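Residue numbers (the working numbering), protein chains in the order written: chain C, 122 to 509; chain R, -19 to 534.
Honestly, the hints are just simulated from the structure, not real lab data.
Treat the numbers as computed from the prediction; the structure is a model and nothing was measured.
It is possible that some hints are incorrect.
[Unchecked claim] Lysine to aspartate or glutamate pairs mimicking DMTMM-like chemistry, simulated, CA-CA at most 25 Å apart:
| id | chain 1 | residue 1 | chain 2 | residue 2 |
| --- | --- | --- | --- | --- |
| 1 | C | K359 | R | D73 |
| 2 | C | K359 | R | D87 |
| 3 | C | K359 | R | D79 |
| 4 | C | K359 | R | D59 |
| 5 | C | K359 | R | E64 |
| 6 | C | K359 | R | E202 |
| 7 | C | K359 | R | E(-8) |
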Amino acid sequence: MNGPRRSEYAVAIVGAGIIGLFTAYHLARAGVGPILVLDRGFLSSGASGRNGGGVRQQWETRATVRLARESVASYRHFGRDFGYNIWFRQSGYLFLAETNADLDRLRPVHELVRSEGLHSRVLDPHGVGRLVPGIAPGAVVGGTYLATDGILYPFPAVWGMYEAARGLGVEMALGLEAVGVATRDGRVNGLRTSHGSIATPKVVNAAGGWSGDFSGAAGLEVPNRATRHEILATEPMKPFLDPMVVRPSDGLYFSQTMRGEIVGGLTLRHPPGADRGMASSAAFLPRMASALSRLIPRLGALGVLRAWSGFYDDTPDGLPIIGEDPRLPGFYHANGFGGHGFMLAPAATRRVARTVLGERTDLDPSVFGPGRFTGPAPPSSVERLQLG
Amino acid sequence: MVEPSGRRFSFEGRSRTAQPGETLLDSLVRDGLPNLQRSPRYHRPRAPFCGIGQCTGCLVRVNGRPNVRACRYLPLDGDRVVTENAWPSRRFDLLASFDVLFRNGIDTLHGFRRPAFATPLFHRVVRRLAGYGQPPTGESAAALSGPPDVREVDVAIVGAGRSGRAAAAALVAAGVHPLILERRAETPPLPGAVVLAATTATFLPPRTGGPEGTFEMLAYGEPAQGVLVRARRVIAATGSYDASLLFESNDRPGILTGDAALELTRRGRPPPFHRAVLFGSGDRARTLVERLGDHVSAIVAPGEIPPELVSAATQAGIPLYPRSLLRTAQGRTRIRSVTVQSRGQGTPATLECDALLLAHRRLPNGQLFFQAGARMSWRAGTGAYYPVVGEDGATSVPGLWAIGSASAALGAASVGSGERVASALTGGSVPVAPLDRVRPDGPNELEGYYRELLRAPRTGRWIACPCEDVLLGEVEEATRNGYRGIEVVKRYTGLGTGLCQGRYCLPDGLLLLSIAEGRPPTEVGYITQRPPVHPTPLAALAALDASVSAPEGS
Ligand SMILES: Cc1cc2nc3c(=O)[nH]c(=O)nc-3n(C[C@H](O)[C@H](O)[C@H](O)COP(=O)(O)OP(=O)(O)OC[C@H]3O[C@@H](n4cnc5c(N)ncnc54)[C@H](O)[C@@H]3O)c2cc1C
Ligand code: FES
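With the hints as extra help, turn the sequences into a complete structure.
Right, here's the structure in full:
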């Protein structure tokens, strides 16, 4: 890898995942330049190349519902706008309730989503059974379902944004690591990389599961925490399952992709920070296999093809961090997306770009701003629906 | 185990019998090499290719369970076997028209974006094309659920080939009684050791609890029994397999690896071919000539042919084509001939044949080493990663040994390496002979071969990844568009994401990308080996849920 081509940039974006790429695109569209996007790995090496492709609009917080809805609209036109087919299939997200208490917990989400004009439905076991052929009898008391949610194939979205941003003149430096920022008078004035430094007044931290590390390298203490999440794909088969299925009680989620595989995972607590590797654990395969084959017994006769893992970039309130850091002007956060960065990317990064341009956005700083963790008042919203 | 004499099952509604020891494929092959599958995108006819449970050429549906590999399956009385993925029948498949309609390939990356109103239809068509069979039935899954088999042992050996057996025998002699896991069903017993036949080790994560901890290895017994092995020490003797080769129509029925040729003819079974062209010139090719010489009609080799093989072939009256490119295979449902051309602008020759046996390159089964986190090193000669081992076969992971061809020792050294590890494990109480045939590394012959082959204009289908029907042109397009490195190209094209988990496409993929990107294969990337080693039934894994340790610290 060679270093950056120039010595000076208008904006440097750390991380070429879906967040960094979309941000670069929006900024370039707004006429900003030159822009550098750097990534120490290969394209799609982070969570953007390791996720389940789920896109849902069912959330506990209103602002997130709106961001998600706007993202769905963007993804619907991705093929037209960016030349790559992301196979966005709006075949719904189904939340399963094993008990009436589970169902009661889903109701407020259902109400909120409906109040935003989205046609969420509460289903009885029969309705769930129609969407999940072969579900074990008695497995659920019902569920909630939003037909316009869906899944996409993440890779072409990465390629599409990579090429779109490059087409607008954004420089992509793959294999280049950001190691810190340079400051002057308490402001960002440069970025230090593994191949020398560049001058830039603005640095965007879109480093995904490593954003906490990069903020730390810039001297900023942040609450981001990387958690490893495992996921698997089965042997492919002919279509039989349309929606993304989610069970909040244990974090099980899965869908059948356009390639015919069942792709999904569940929440398995790994010791925080203990292991930054991307390997699979011995416990995950049996746990996931057991959850899947108990819920849909017929899947027991299917083979697991591969398992892998990636990092969620988690925040204490389950909401992303978007905006300029009040402690270090010129340092912008576009991170903390947990397990939902892909589905929120198009809309969230539009706001990131606006804040980088110094414009106001419709995002409430007490909900999304980086100052919410260091200010006198606690963050004003909490999103607990932390699932695929 | 006593086998019933002859098991009656039905194949596509007709009753058949499998003799004792016969797999489903053995039994079907008695009528000739069957076309059992269709390829996923273009519905090209496919037939068994590897014979050792890795490729997609023999997938059938047994009692409502899809993706059963006929070459590994021992039929039971009353089994119902049908073929899938062809409509209306496996001989006449309407979807095969896709092969003609989409001459330039089905481009799922850029295609099918317009008109917007047709999107749901595109989704339906493309989803139908994916996969090899219908979902399993509930009954098929119910028949597979059973209790787990949990073993705690001092030493576990994976693989009962030559080196694995040698290690086991030496250990037994020194008073250590190992557990042996072997994927093949037909495995002779070994006095003093416990042999689990038809059992596949599929995941060896790094050991839990530090160097004093144990390995927890996941495995499954056919058809779907969950097996958990807790072992203080693991000897991996996982062996090697014959690679595939890229040329026009390289996926045609009748193209077989050396493994398949030997497997289908084991114990004196007649080969399902009469005139096979053999590609290769090393030890493997010689074994094939010795075993099947009467059925070999020509030997084609990418480079020079060594004198021993020349004299063996001359004795058997087999014509030789050294320093030749294999360009094309002809024949749709069965290969009829191949076109070869001597290197450096020679005139092409058409060799009639009913099979092509690939024996030019053997690749190590290294997945367990990758999974366990062992240090690996690149051997240019084979174009593959091997575990870095000491004299006694110790890998960089304490307690994990690598022996036999999985560790780059070959032939006589397989036995020698088995004895050495046994000696190391028992504190030197086993006498060892010097390792006489560790193969030296050398330049990669195939790289220059592919360079020359790909320079000429191309026609027809060059299938870079048969499992997923990824075309060579798609891989080249990725490079042209600036996507570099095997990991990115994998994600861009789907290369290596099929049922064989990349065994028959990623090794060549590394070489091809190295040529296209103009940098050594080691810079093109490491092929990340994701568990499991072989597709593992959910039922088998689920049975282990209560037995496997939870992640540490949780
Ligand atoms: C198993 C799993 C399943 C998921 N499922 C879904 C889902 O269904 N739906 C959904 O919307 N989201 C899902 N997510 C979350 C989603 O994938 C992420 O939120 C999203 O991809 C984040 O994008 P990103 O660009 O912020 O991060 P990434 O894609 O991780 O990109 C960050 C990049 O920054 C680079 N980087 C880090 N540090 C440095 C540095 N110092 N210098 C240079 N480069 C650096 C990294 O190499 C990496 O490429 C899932 C995540 C995982 C792990
Ligand atoms: S050939 Fe099997 S995955 Fe590519």
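Do the hints match the structure? See the list:
Note on K359 (chain C) and D73 (chain R): the hinted pairing holds, with a Cα-Cα distance of about 16 Å set against a maximum of 25 Å. Only pairs whose Cα atoms come within 25 Å are accepted, and K359 (chain C) paired with D87 (chain R) is accepted, the gap being roughly 19 Å. In summary, the hint linking K359 (chain C) to D79 (chain R) is supported, as the alpha carbons are separated by about 19 Å, within the 25 Å threshold. This hinted pair checks out: K359 (chain C) and D59 (chain R) have alpha carbons roughly 22 Å apart, not beyond 25 Å.
A distance of roughly 10 Å separates the Cα atoms of K359 (chain C) and E64 (chain R); the hinted pair therefore holds under the 25 Å criterion. Between the alpha carbons of K359 (chain C) and E202 (chain R) the distance comes to roughly 24 Å, so the proposed pair stays at or under 25 Å and holds. Simply put, K359 (chain C) and E(-8) (chain R) have alpha-carbon atoms about 20 Å apart, close enough for the 25 Å limit, and the pair holds.
Checked against the numbered hints given earlier, this structure breaks none of them.
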